[in-house]
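**Q** Combine the two chains into a complex, taking the hints into account.
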Amino acid sequence: MSKLKPEVTEKDHAQGKQNAPITIVEYGDYQCPYCGDAYPIVKEIEETFGDQINFVFRNFPLQEAHPFAFPAAIAAEAAALQGKFWEMHDALYENQYRLDEDLFDELAETIGLDIEKFQADSTKVEVKQKVEDDFESGVRSGVNGTPSFYVNGNKFDGAATDLYQMLKESTE
Amino acid sequence: MLEKGTKAPDFELNATPDQKIKLTDFLGKNVILAFYPADWSPVCSDQMALYNEMLKYFTKHDAQIFGISVDSVWCHLAFEKDRNLHFPLLADFEPKGAVSKAYGVYDEGAGESKRALFVIDKEGEIAWSYLSPTAVNPGADGILDALEALDKK
Chain G
1 MSKLKPEVTE KDHAQGKQNA PITIVEYGDY QCPYCGDAYP IVKEIEETFG DQINFVFRNF
61 PLQEAHPFAF PAAIAAEAAA LQGKFWEMHD ALYENQYRLD EDLFDELAET IGLDIEKFQA
121 DSTKVEVKQK VEDDFESGVR SGVNGTPSFY VNGNKFDGAA TDLYQMLKES TE
Chain B
1001 MLEKGTKAPD FELNATPDQK IKLTDFLGKN VILAFYPADW SPVCSDQMAL YNEMLKYFTK
1061 HDAQIFGISV DSVWCHLAFE KDRNLHFPLL ADFEPKGAVS KAYGVYDEGA GESKRALFVI
1121 DKEGEIAWSY LSPTAVNPGA DGILDALEAL DKK
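These protein sequence lines map, in sequence, to chains G and B.
All letters in the first sequence, in the order written, are residues 1 to 172 by our numbering.
All letters in the second sequence, in the order written, are residues 1001 to 1153 by our numbering.
In case anyone wonders, no lab produced these hints; they're calculated from the structure.
A couple of the hints might just be wrong.
Here chain G is said to cover these stretches of chain B; the calculated rule only asks that three of the stretch's residues, wherever they fall, bring their Cβ under 8 Å from a Cβ of chain G [said to hold, decoys possible]:
no.: 1; region: 1019-1029
no.: 2; region: 1049-1055
no.: 3; region: 1100-1109
Using 27 Å as the maximum straight-line C-alpha spacing, the simulated DSSO-like pairs for lysine-lysine come out as follows [said to hold, decoys possible]:
no.: 4; chain 1: B; residue 1: K1081; chain 2: B; residue 2: K1096
no.: 5; chain 1: B; residue 1: K1122; chain 2: G; residue 2: K124
no.: 6; chain 1: B; residue 1: K1004; chain 2: G; residue 2: K128
no.: 7; chain 1: B; residue 1: K1152; chain 2: B; residue 2: K1081
no.: 8; chain 1: B; residue 1: K1152; chain 2: G; residue 2: K3
no.: 9; chain 1: B; residue 1: K1114; chain 2: G; residue 2: K3
no.: 10; chain 1: B; residue 1: K1153; chain 2: B; residue 2: K1060
no.: 11; chain 1: B; residue 1: K1060; chain 2: G; residue 2: K128
no.: 12; chain 1: B; residue 1: K1022; chain 2: B; residue 2: K1007
no.: 13; chain 1: G; residue 1: K124; chain 2: G; residue 2: K168
no.: 14; chain 1: B; residue 1: K1056; chain 2: G; residue 2: K11
no.: 15; chain 1: B; residue 1: K1004; chain 2: G; residue 2: K3
no.: 16; chain 1: G; residue 1: K117; chain 2: G; residue 2: K5
no.: 17; chain 1: G; residue 1: K5; chain 2: B; residue 2: K1004
no.: 18; chain 1: G; residue 1: K3; chain 2: G; residue 2: K124
no.: 19; chain 1: G; residue 1: K117; chain 2: G; residue 2: K155
no.: 20; chain 1: B; residue 1: K1020; chain 2: B; residue 2: K1152
no.: 21; chain 1: B; residue 1: K1022; chain 2: G; residue 2: K3
no.: 22; chain 1: G; residue 1: K3; chain 2: B; residue 2: K1007
no.: 23; chain 1: G; residue 1: K128; chain 2: G; residue 2: K155
no.: 24; chain 1: B; residue 1: K1096; chain 2: G; residue 2: K5
no.: 25; chain 1: B; residue 1: K1022; chain 2: G; residue 2: K5
no.: 26; chain 1: B; residue 1: K1101; chain 2: B; residue 2: K1029
no.: 27; chain 1: B; residue 1: K1029; chain 2: B; residue 2: K1114
no.: 28; chain 1: B; residue 1: K1096; chain 2: G; residue 2: K155
no.: 29; chain 1: B; residue 1: K1153; chain 2: B; residue 2: K1096
no.: 30; chain 1: G; residue 1: K155; chain 2: B; residue 2: K1114
no.: 31; chain 1: B; residue 1: K1060; chain 2: G; residue 2: K124
no.: 32; chain 1: G; residue 1: K11; chain 2: B; residue 2: K1060
no.: 33; chain 1: B; residue 1: K1081; chain 2: B; residue 2: K1114
no.: 34; chain 1: G; residue 1: K3; chain 2: B; residue 2: K1153
Glycine included, C-beta positions come from ideal geometry on N, C-alpha and C.
Isolated chain B (complex conformation) (with noise of 0.2 Å):
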């Protein structure tokens, strides 16, 4: 896993069947890439819904989340729509897993993304990352301590 102090490598991935996400478009701009493993996980204790209600928080701190899986774009929209998710879901689904790979957080067994969490900087570095048990909600709390070490820096 791609750890602090790398330059976040560059991607752009599907958001929406027509909308493309290139990260370089965002330097200037903290983001928090999470990486997890499928949509449809069991709601009150799912990662994404609880980034949802977050997303003042991190408004604050100037940073834009993106959630990453390889589920493909029509499943993304699908969760988003029944979830009422208010952020972007990004498809790392051709070639399967290829952005996973790229910040070595692809579960190559499971054929899943692992659950991880990465915080970039306005310059495109990495400031913080995170690895969790897959079977394991990270919170949120690790996100907001890295913005916050970045907005006093």
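Bound conformation, chain G alone (with noise of 0.2 Å):
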């Protein structure tokens, strides 16, 4: 079974107490449309188990097939920046039907975000290159496909409807 290389640190972008005892790590592509099928799945997972979940996303953009793949993860790392990841994050799923080179300012602005700033960061080598080091350490995990997931390290095989129900027949 694959495993997480490397393991959730400080650097990741996470939603839930770092002590929680599931870990969910999501690798996934703001443009890839089994991606923004999960978003609710997820969120819906965190609502149900709440303080019992650290979700953690990674970014895997699949650039060749995804023209706007890598300036949306680019995007949700330089809102990061501003303390807004899981703003643009969500707004960029919520808003995936729309993805172009026009959205990020729009939600960039829509989120609340110092707009010179925003666009200032999305040139920096150090968030393109956070985007890569996900990339490289999901290629290193195994990653086939996107969204893949991993609990507590270990590589799950199935969807984002699997993960829940998996959750919730461990958790009953």
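**A** Below is the structure:
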């Protein structure tokens, strides 16, 4: 079974308590329709299991298949530098149906970012590096498509709905 | 399926209607062969789409990747164009599946290649091979591990 490499660190974007019993890592692509489908289910998982879940998102943009996947990942990482990674992450999935190059500034404004800083951060080498490091860690971890989920460091072979089902059964 | 330590059988297959790829022309370079059942599987979980994103990692290890299936060159061309693929897909088309058979990864029942990976070293010897269940995209972690082991040799 494929293992998450490297393990979750403080450099990751996490939504939930670090010491939660269940850590879920998603490797996702903002333009992938299957990731778009998974988004509300992940939200449901977080709502249903609350403090038991620590949810981490890592970037896995398939740039050749999805032309806006990489710039979208950059937008989320740039938003992170203003403490709003999750706001941008959510906005991107909620507006996935109209993803294009003009959307990023619009969303940045909607979620209340300093636009000038956002635009400048979007061109930073460190921001690009973060996305590429995530991608490489995904490859190392055996990601074979998006979304790919890891539960407490082990690859979960299934979609978000299967994950929800598995969690439900294991906590009953 | 051919295992580690075996000399990789040479072959010459069409990558396009007028371009042939001969394995022994790549001696001195690491070669990755990715046999797969068919073009046109769903996009986001597609094995070839994943390798397409990884070309720079393969280049770093001085490795060239080829996809191989029994689809014809014209089918490969349309698939490459649709998916924006930047590496050659080889047509194991006539005689059908001959190269897949030579590597021991032909599925007689389905009439397709199995999903199998080979990493061949610079001397033309198989350094690593892996057979994946047909329905499972094997990812690329095994390939990278094999290439890294070769770099250390």
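**Q** Does the structure keep K1060/B and K128/G at a Cα separation of 27 Å or less?
**A** Roughly 19 Å between the alpha carbons, so the hint for K1060/B and K128/G holds.
**Q** Within a Cα-Cα threshold of 27 Å, do K1101/B and K1029/B meet the stated pairing?
**A** holds (24 Å)
**Q** Holds or violated: are the alpha carbons of K1081/B and K1114/B at most 27 Å from each other?
**A** Since the Cα atoms of K1081/B and K1114/B sit roughly 23 Å apart, the hinted pair holds (cutoff 27 Å).
**Q** Take the C-alpha atoms of K1022/B and K1007/B, compute the straight-line distance between them, and say whether it is at most 27 Å.
**A** Since the Cα atoms of K1022/B and K1007/B sit roughly 15 Å apart, the hinted pair holds (cutoff 27 Å).
**Q** Does K3/G lie within 27 Å of K1022/B when you go C-alpha to C-alpha?
**A** violated (36 Å)
**Q** Is the hinted pair K1056/B and K11/G satisfied, with a Cα-Cα distance of at most 27 Å?
**A** Distance ~24 Å between K1056/B and K11/G Cα, so the pair holds.
**Q** Please work out if K117/G and K155/G have their alpha carbons no farther apart than 27 Å.
**A** Violated, at about 37 Å.
**Q** So if I understand the rule, the pair passes when the alpha-carbon distance is 27 Å or less; does K1004/B with K128/G pass?
**A** violated (38 Å)
**Q** For a C-alpha distance cap of 27 Å, please report whether K1096/B and K155/G respect it.
**A** Between K1096/B and K155/G the Cα gap is close to 36 Å, so the pair fails against 27 Å, i.e. violated.
**Q** If you draw a straight line from the CA of K1152/B to the CA of K3/G, is it 27 Å or shorter?
**A** holds (23 Å)
**Q** Quick check: do three or more residues in the region 1049-1055 of chain B have a beta carbon closer than 8 Å to a beta carbon of chain G?
**A** Check passed, 5 qualifying residues.
**Q** For the pair we were handed, K1153/B and K1096/B, check the Cα-Cα distance against 27 Å.
**A** violated (36 Å)
Checked against the numbered hints above, the structure violates hints 1, 3, 5, 6, 7, 13, 16, 18, 19, 20, 21, 22, 24, 25, 28, 29; every other hint is satisfied.
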